[in-house]
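The task is to assemble the complex, starting from two chains supplied on their own in separate frames and drawing on the hints.
Read off the chains here:
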Amino acid sequence: MFPTPIDKTSRSWQLSYQALLPVALIFWLLPLLAVAVFSIKPGADFTTGNYWGFPTSFEFATNYGKVFFASDMPRYMLNSVMITVPTMIGCVVLSSMTGFALGVYKFKSNLWIFFMFVAGNFVPFQILMVPVRDLTLDMGLYNTIPGLVLFHIAFQTGFCTLFMRNFIRALPFDLIEVARVEGVAEWRIFWYVVLPLMKPALAAMAVLIFTFIWNDFFWAIVLTQGAESQPVTAGITSFNAQYRAAYHLMSAGSIVAALPPVAMFFLMQKHFIAGLTLGAVK
Amino acid sequence: MSSSTEAATQTSWYKRNEIAVTPWLFLVPGVAFFLLYVIYPIFSSINVSFYDWDGLGEASWVGLGNYEELYWDDAFYTSLRNNLIWLVLYLLAIPAGLFIALFLNQTVTGIRLYKSLFFFPFVISQVVVGLVFTWFYDPSFGLLNQFLGVFGIDPVNVLGDERFVTYGIIAAGLWPQTAYCMILYLTGLNAVDPEQIEAARLDGAKGWRMLWHIIVPQLKPATFIAFVVTIIGALRSFDLISIMTNGGPFGESRVLSFYMFEVALSEYGFRMGYGASIAVVLFMIMLCFIAYFLYSMYQDDKGGR
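Chains as they are written, first to last, in the numbering used here: chain D, 1430 to 1711; chain B, 9 to 313.
Treat the hints as calculated values from the structure; they're not laboratory data.
We put the beta carbon where it would ideally sit given N, CA and C, even for glycine.
Residues from chain B that keep clear of chain D, each with C-beta distances beyond 10 Å, as calculated:
#, residue
1, Trp-69
2, Asp-82
3, Ile-161
4, Ala-207
5, Asp-211
6, Gly-277
Below are the SDA-like pairs computed for lysine to any residue, each with C-alpha atoms no more than 25 Å apart in a straight line:
#, chain 1, residue 1, chain 2, residue 2
7, B, Lys-310, D, Leu-1707
8, D, Lys-1437, B, Gln-114
9, B, Lys-310, B, Val-200
10, B, Lys-123, D, Pro-1689
Next up, chain B with everything else stripped away, as it sits in the complex (with noise of 0.2 Å):
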């Protein structure tokens, strides 16, 4: 064989190390990219967030200035409020999608079909989804007014009202949410153990019960990715904001990632360092949970390969 006596004309420094090396050879050029454009940032931004900087000229240091700034910030607090609104309802979107999951967990024909086009609100952009429900919210010809007026209920402009708007913008993006849940528990669904749905039913157990106590525990798998991508989803929120009341009426329906967003690169300043900071407190937010999710992860891959 030619690799063979290659081998052993040139034992060269790369083939003895051959193992030790090649991970990192196939490593380099992910990680390189993968440090520059989004490890590095990370420190960049804390690093900017003790400057006062418009982006363009000179940045003058203010220390923990900005953080003091938005410890007096109403519009910070709201924005704070505002997210953990978010993160509280979103994850409604978990039992609704096992909900859907477990109606539309049968075997008829068309079901495929039916799967498929539920999970549709997934596969389109937030944009698209946030501009089809500015319509549907429309106070003049909204199709939701228009059922509220077949009980009598006079119209509500959900966008426009500051009590209604942070619900509005959630329930539309649980729309998508809970189309991505069902997904995950009706893969889940499938992996169920029939012999122990069984000897439940032999045991006396349904309905509730069952789903409580044998179904619900065999899907912690898919609950977990579910609270993962939710409580991501939840953090991210920006889109369906941006497009549906660009932070309004008054504000009141800005989250972090959209304040940060408004702060650093509108019409209404370019105060990089500022944004930063914001950006900062929203990251320390998500670090708690990423925290926890790495720790899951490892916990698990303790018991791999």
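Next up, chain D with everything else stripped away, as it sits in the complex (with noise of 0.2 Å):
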């Protein structure tokens, strides 16, 4: 291990990281520290110039089910949920068979379609926003939830594929070998040998996915306006204009908005850290 296990070092040396631990997680979190403290204090202690003092008193329920019961923040919050569910399915569905038909078949173009998903998925977005806007609004998909989760689908593919693929590559090939001298069809290797076996990758990409659409904030204002339809991350940015100095709601709101995939990490660590570092360890 490097560096020196701390259990190792002198007791002193280990004193100090003991107690450099929180010292270095408060300056890291401070900012966000700081919106914590900025959520819980009244809309008062802004006015009298107390933004870093004690809060005058705690105004969590009232902050808080302010954001709840008097904003869109709650419609801004369905309209996520449903945009990131259904893309999390789509893109699982989809790039689960690209996955398993990259990563299993040898075929002549087999690397080139892996490449094209490859260098898709690394392509600027503005490349693709003026078609994408138009065949939106050619669907008549303009300004509705569809709309984003179709293009959200597609664009993401990319990464999953190459996610699923490198995946598939890497489970035990002898597999789908001894099942095909068993005179299994192809189709059910994928759904009764390879899909079980994809189960942790699937949560992984799952959980990355619903991260990444969740906190999209380019495709929402592109393709969407208004909070019919707009996610909470556009929808923070009206809040902004529409609370401007209220930083105590702005505050709330902030956390509320930040809160699902901060839940999400939380309860699936294991599979989001394994999906981030896929290939950072060989």
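Spelled out as structure tokens, the structure:
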């Protein structure tokens, strides 16, 4: 292990390390902690200039209550869920199929198709913006949730295919060979042999997609407008315009908007990190 | 077995060509979708960049006109320059991530929670990160200036000052990006070969020498991925700029991706063709990196099955 394990070092070094950890963490998360404190302060604290002092009263319930019951936030949250969940499902379905095809079979254009997905996944969004917006308009899906979902599924399929294909390649190929010798139909191999083995990869991918799509801002503002279809990232900016200097409400709103991916991360941490670091260990 | 009798009675064309046909059946939906929404739009954008078009009316062919205009456009150069600054400074996330990973790579009680909490900034939306940092930099009450005040430094309006604005936004972007690189390196460090470390220790290597000659070479896969995601993140930077400054002051914090959006889809106008030409330039820059990434992957893949 590198650096030297802390329990093999001197006592004073151990103690300073233990002390340094929380200090470093507080510095690292300082801007976020500030927002958390903002979100439980009364609005009056800001008008009197008490930004960093102790809250004069704890207004947790009032502030968060306002966000939930007196703003468009719940609507935006619901939209985000309605965009994120179908995208997750669509990506899992499409990419487990493409990943299977590219990971298991040898055919001439295999690598080229794979590279098409990978390259497409790296492309800057702006080169897609004008045509995708037109396409969505033409299909009558501009400013609708399905309009966003369809694009997200298509685009994320690039990343997910990369992910699934590499995962399937690392599986023991013998299993598939044996099944073939037994005369199992190819689609059954997919369904009964490969798919069960892919479960951890599917979980990892689903969490990643959830985070990516929940946090997407660019496509939300390109393909939608207004509270009826915009997700929470775009919603929070209109919230910002509405409550300009109401820092306590803005903070509460931001925290609410940030919470679902955070919760997802803590619940599925192992999968999440496995997904992000795919390929980082060889 | 029923499947064998089936195969015997109807050795259909599909059955005979199963292994050749199946991959295509599995590929069709994904590939079709990807072609429609990603590949076709790339070429379509390149085509649009040769037209003058407001997105609604008739498009008129201007050939290289848009690119010629770009050549004389100061705002384009400001954006390009900022893109380069982003590219260079964003890479700081890699050593910073390695540093934090080394700091946290210990086994003490609660270290797992520390690692997760250090990763926090990456999980939250860039929109929220942007808002948080806007307050952090606020000249009248922001934490940064409170902090500088302790050292007797006058308040700095980071986001309102054209000299600092891009650096201020990059610093905000480095926060989540460093967290990402940290996680990559923490995973990489787990896989470092302990025997090599022991051997190097016996040879008297420690500290920097150990890090540079023994550890870093073994972290190469993690560094490669960190490099890929950081470069792409730098060139995709949009959310933070849009939230924190909207390109200002005086357009000084624009990058190509933001300028393109501004030209094509904001109150400044709906110049789709001109916007598309900016996007093409950005795409060409990205293409250099994509080609390099694909080449590396190809080299890697040849070793595989």
